[in-house]
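Engineer: In order, the protein sequences belong to chains A and B.
The first sequence begins at 369 in the numbering used here and counts up by one.
The second sequence begins at 4 in the numbering used here and counts up by one.
Hint data in this document are derived by calculation from the structure and do not stem from the laboratory.
Owing to the predicted nature of the structure, the values given are computational and were not obtained by experimental measurement.
Glycine included, each C-beta is placed from N, C-alpha and C at the ideal position.
Some hints could be false.
Which residues of chain B face chain A? A few of them, derived with a C-beta cut under 10 Å, are [unchecked claim]:
1. Gln29
2. Leu51
3. Arg57
Examples of chain B residues toward chain A, derived with CB under 8 Å [said to hold, decoys possible]:
4. Leu33
5. Asp35
6. Ala44
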Amino acid sequence: MRRASFPILGIALGLVALTGWRAAYAGVDAHLAGYTFHHFNDVDNVSVSSHFMRYNMLMESSLSTSVQLNHETVVVPAVAAPVGSQEAADAITTASRPISSLEDAYTDFVKVRNELQGSIGYRGVEAGYYVSDEVDYHAQMVWTSVNRDFLSENLNLAFGLNYAWDRIEPLNDEDTAGIPGVRNTTYFSLVATQVLTPTTVLRAGIERSLVDGLQHNPYRNVYAGGGHTAERHPYERTRNDYFVRLSQFFGNRSSLKVDYRFYTDDWGVDSHTLGAKLTQYITDEFVVRYRYRYYSQGAAYFYRDEYASGFGVDGLLTGDYRLGEFDANLFGGKIFWNLDRFFEGSGFLERIDLTLGYERYFNSTNFTANIFETGLEMSF
Amino acid sequence: MNRRLLIAALLLLPSVTGCASVRAYQKEALADPIMVSDVEAREELRELKWLEAREGSTGGVGGAGGGCACK
Chain A
369 MRRASFPILG IALGLVALTG WRAAYAGVDA HLAGYTFHHF NDVDNVSVSS HFMRYNMLME
429 SSLSTSVQLN HETVVVPAVA APVGSQEAAD AITTASRPIS SLEDAYTDFV KVRNELQGSI
489 GYRGVEAGYY VSDEVDYHAQ MVWTSVNRDF LSENLNLAFG LNYAWDRIEP LNDEDTAGIP
549 GVRNTTYFSL VATQVLTPTT VLRAGIERSL VDGLQHNPYR NVYAGGGHTA ERHPYERTRN
609 DYFVRLSQFF GNRSSLKVDY RFYTDDWGVD SHTLGAKLTQ YITDEFVVRY RYRYYSQGAA
669 YFYRDEYASG FGVDGLLTGD YRLGEFDANL FGGKIFWNLD RFFEGSGFLE RIDLTLGYER
729 YFNSTNFTAN IFETGLEMSF
Chain B
4 MNRRLLIAAL LLLPSVTGCA SVRAYQKEAL ADPIMVSDVE AREELRELKW LEAREGSTGG
64 VGGAGGGCAC K
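In isolation and in its complexed conformation, chain A is listed as follows (with noise of 0.2 Å):
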């Protein structure tokens, strides 16, 4: 059953699609293709490659929809160090992926997750239904949203609300019970955007999650008493957000983006993250963005580089660098260009855009990453 859901949901969700665009096709405004492949590259040698497939049509009486496929391959490496080391015996009792046996930890860990994503909106009301599948994950999200314009349409107010439920089956694994779990997150969100002059405008929000279920790694120990034990997170958690951005618009043609987010949880984790974006026009069909953002966070107040009894801290413990104190910082840069000039007189495409981007994200942890993204989108 659990394997059945995922392609009658998805031809469920193509027939509505098909349906819409056969009933309205007399009134069809505009179609978007998009493909954007990304590749994610980490000290670790863990690699994420996805291939992300979008679809959107417009149609004259307000109506859109839109379907979202993604394809993506994780790849976990193997175990590198030397078999029977203390640094082979570390890195299997404390990875975060499925060892069944010795001979396990020598392989890489490949998985495949699929994720498809439908929506219809109209007028500023928009509902959707999101499903992800893989080898031990399964997360499923319907979500709805709606916004109406203010003043003139000078004010924006958008309220969005998602409920997602997934269901962690976790494989074989030698040194973790692998307890099969759920998890149900609720959402919130209050977006306000504001036109302060012709070329400034202020955009604030909160946001508010509330996860119930399970959140640790159930692949994962962690070093307590001189041993080893499975790693245990709270059952619940309560996340709140606030953030602002400021997007402002230069003579020279250029765009300047600042954005600031503060986070905050009842796990003790609080964090800060600044972010600017420069964009400028080069020519009318070559735009460049530079990039840079800095994150802080705090540790979880269940956190502990080494715990002293196997009861860790009120029975909870983390192995998860995540949930400890740390900064990061990213930059990138990525190129938009406009290749309409070499369809000129198709007859078909409105607009056709490529893009190539580059970020490289650093932490504090030592932790590195490289990504690579490449995309072709086409309006017609």
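Got chain A sorted already, so can you dock chain B onto it with the hints?
Structural biologist: Just chain B now, with coordinates in the frame of chain A:
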């Protein structure tokens, strides 16, 4: 951090800035692709997928898929 102050600031934003009335014909720059937020919203969703696996305060909105092994 005074959460109530932040929420109040957000709610007061329209009343503070609402007096600035920009007419439709003055919004040409705001409609330029380098100012529109739709493209960035899609980029941010893709970014959220890998950042959620690397930072403790990112994501959490549900539906990002997940997978235990790549975190």
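Engineer: A separate judgement is required for each hint: does it hold in the structure or not?
Structural biologist: Evaluated hints:
| no. | hint | verdict |
| --- | --- | --- |
| 1 | Gln29 | 4 Å, holds |
| 2 | Leu51 | 12 Å, violated |
| 3 | Arg57 | 7 Å, holds |
| 4 | Leu33 | 6 Å, holds |
| 5 | Asp35 | 7 Å, holds |
| 6 | Ala44 | 11 Å, violated |
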